[in-house]
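Engineer: Sequence:
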Amino acid sequence: VFLHSTNAPGCVSTGVSMAFRAGVDLANLEFMQFHPTALYEERSNRRPLITEAMRGEGARLLDDKGQAFMLRHDKRGDLAPRDVVAQAMMEEMLHSGAPCLFLDVSGVKQDLPTRFPTVFEQCREAGLDIRNEPIPVVPAAHYFCGGVLTDTRGRTSLRGLYAIGECACTGLHGANRL
11 VFLHSTNAPG
21 CVSTGVSMAF
31 RAGVDLANLE
41 FMQFHPTALY
51 EERSNRRPLI
61 TEAMRGEGAR
71 LLDDKGQAFM
81 LRHDKRGDLA
91 PRDVVAQAMM
101 EEMLHSGAPC
111 LFLDVSGVKQ
121 DLPTRFPTVF
131 EQCREAGLDI
141 RNEPIPVVPA
151 AHYFCGGVLT
161 DTRGRTSLRG
171 LYAIGECACT
181 GLHGANRL
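Numbering (the working numbering), first residue to last: 11 to 188.
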């Protein structure tokens, strides 16, 4: 459904689809969280999540010309909430036609392999040395906030059917994941 997703290819809402066909109550199907920074690899559909903590520690988003852009969209700049950042990134990409934007981590003061070992390794596997080059990133579908309507015990509208995990909609997250 979405061009970019941080989820595995097999995550296609099968549980929610089965519940729908069984007549089980569903809720909040229109709410999807998009994470602003997923690794963009041109030759792969793999989109691992690049933690927001990198922006919290000094990384900056750059457009396809290498210019910071977030302050044009929000006074909090790169520290704006993830939904605001993801929307701003999409606007930048649509305006420029660029397939991705970039996360410049040169402002992160700590040793990258030590502070962010998972991100460092994911980027290394993609052929990137983030100590010397920015990370190509795209906003990506990350978390489905809707699903099979449950109570606090996981019970659904169909007696004997329980739903847990991401297929369940408990009402906790609302329109955007906490």
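Among these hints, one or two may not hold up.
[What the hints assert, rightly or not] Within a straight-line C-alpha distance of at most 25 Å, the following computed SDA-like cross-link-like pairs (lysine to any residue) qualify:
| no. | residue 1 | residue 2 |
| --- | --- | --- |
| 1 | Lys75 | Asn55 |
| 2 | Lys75 | Arg169 |
| 3 | Lys75 | Asp93 |
| 4 | Lys119 | Ala185 |
| 5 | Lys119 | Asp139 |
[As the list claims (entries may be wrong)] Computed Cβ-Cβ distance ranges for the label pairs, DEER-style:
| no. | residue 1 | residue 2 | range |
| --- | --- | --- | --- |
| 6 | Pro123 | Val22 | 32 to 38 Å |
| 7 | Gly76 | Phe30 | 20 to 26 Å |
| 8 | Arg141 | Ala37 | 25 to 31 Å |
| 9 | Thr128 | Arg53 | 17 to 23 Å |
| 10 | Tyr172 | Phe12 | 37 to 43 Å |
| 11 | Asp93 | Arg56 | 22 to 28 Å |
| 12 | Gly25 | Ala185 | 46 to 52 Å |
| 13 | Glu67 | Ala32 | 23 to 29 Å |
| 14 | Pro123 | Glu101 | 31 to 37 Å |
| 15 | Arg56 | Ser167 | 45 to 51 Å |
| 16 | Arg163 | Glu131 | 38 to 44 Å |
| 17 | Asp121 | Leu168 | 18 to 24 Å |
No lab work stands behind these hints, which were simulated from the structure alone.
Here the structure is a predicted model, which means the values were calculated and not measured.
Quick reminder that beta carbons are idealized off the backbone N, C-alpha and C, glycines included.
Engineer: With 45 to 51 Å as the target window, see if Arg56 and Ser167 comply at their CB atoms.
Structural biologist: violated (37 Å)
Engineer: Would the pair Lys75 and Arg169 pass a check requiring their Cα atoms to be no farther apart than 25 Å?
Structural biologist: The hint is violated at about 57 Å.
Engineer: Range hint 22 to 28 Å: satisfied by the CB atoms of Asp93 and Arg56?
Structural biologist: holds (23 Å)
Engineer: Between Glu67 and Ala32, does the C-beta distance stay in 23 to 29 Å?
Structural biologist: Hint violated: Cβ distance 46 Å, outside 23 to 29 Å.
Engineer: So the hint says 17 to 23 Å: do the beta-carbon atoms of Thr128 and Arg53 match that?
Structural biologist: holds (21 Å)
Engineer: Using the beta carbons of Pro123 and Glu101, state whether their distance is inside 31 to 37 Å or not.
Structural biologist: holds (33 Å)
Engineer: Between Lys119 and Asp139, does the CA-CA distance stay at or below 25 Å?
Structural biologist: holds (16 Å)
Engineer: Arg141 and Ala37, beta-carbon distance inside 25 to 31 Å?
Structural biologist: violated (45 Å)
Engineer: Using the Cβ atoms, figure out if Pro123 sits within 32 to 38 Å of Val22.
Structural biologist: For Pro123 and Val22 the Cβ distance comes to about 34 Å; the hint holds.
Engineer: Keeping to a limit of 25 Å between CA atoms, is the pair of Lys75 and Asn55 held or broken?
Structural biologist: Judged against 25 Å, a Cα distance of about 24 Å means the pair holds.
Engineer: When you check the alpha-carbon spacing of Lys119 and Ala185, does it fall within 25 Å?
Structural biologist: Not satisfied, since the Cα-Cα distance of roughly 35 Å exceeds 25 Å.
Engineer: If I claimed the Cβ atoms of Tyr172 and Phe12 lie 37 to 43 Å apart, would that claim hold in this structure?
Structural biologist: violated (28 Å)
Consistency note: the structure conflicts with the earlier hints numbered 2, 4, 7, 8, 10, 12, 13, 15, 17.
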